[in-house]
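Trainee: Take these sequences, add in the hints, and give me the full structure.
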Amino acid sequence: MAISVIDFSKLEGKGRVETLAQIDNGYQQWGFFQLVNHGIPVELLECVKKVCMECNRHRDEAFKASRSVQLLDQLVREEQEVAGEVNNNKKKLDNTNWEDVFVLQDDNQ
1 MAISVIDFSK LEGKGRVETL AQIDNGYQQW GFFQLVNHGI PVELLECVKK VCMECNRHRD
61 EAFKASRSVQ LLDQLVREEQ EVAGEVNNNK KKLDNTNWED VFVLQDDNQ
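As numbered in UniProt numbering, residues 1 to 109 make up the sequence shown, in order.
It is worth saying that the hints were derived from the structure and are not from the lab. Everything numeric in this text was worked out from a predicted model, so none of it was measured. Treat the hints with care, as some may be off.
Simulated pairs of lysine to any residue, SDA-like, Cα-Cα distance not exceeding 25 Å [as the list claims (entries may be wrong)]: (1) Lys10 <-> Ala21; (2) Lys49 <-> Ala2; (3) Lys50 <-> Ala65; (4) Lys64 <-> Arg77; (5) Lys10 <-> Lys50; (6) Lys50 <-> Ala21.
Mentor: Written out as C-alpha cells, the structure reads:
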C-alpha cells in the first residue's frame, strides 16, 4: 500500500471526482497524503517548516524542564539502579526528524 500522492491541479475540471476520492483514500488509509502541484512556493514551505520546528523545539524544552518530567526521570533512574539496569540508550528518538524517516516516492515521476 502506497501513500496517496494527490495532484492538486486536477481538483478542478474532469479529474475532480477522482482527486476527491484520492484525498478520501489518503485520509482513510494513512491519515495524511502528499500534495503536489499545489502552487505554494518552496521558499514559503521551508519557512513554515522552520517556524514549526522552532515552536516544537521550544515546547519540548519546556516539557522536559517541567517538574513532572524531572520527577518521573528521577523515579525511572532510581528504579533502574535498584534493578541493576544500566540505560546507555537514553537518546532514543529525541533527535529523529520524521521527515527524514518517511521517504515519499512518486512512481509516476
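Trainee: Evaluate each hint against the coordinates.
Mentor: A quick look at each hint next to the structure:
1. Lys10 <-> Ala21: 12 Å, holds
2. Lys49 <-> Ala2: 24 Å, holds
3. Lys50 <-> Ala65: 23 Å, holds
4. Lys64 <-> Arg77: 15 Å, holds
5. Lys10 <-> Lys50: 29 Å, violated
6. Lys50 <-> Ala21: Violated, because 31 Å separates the two Cα atoms, which is more than 25 Å.
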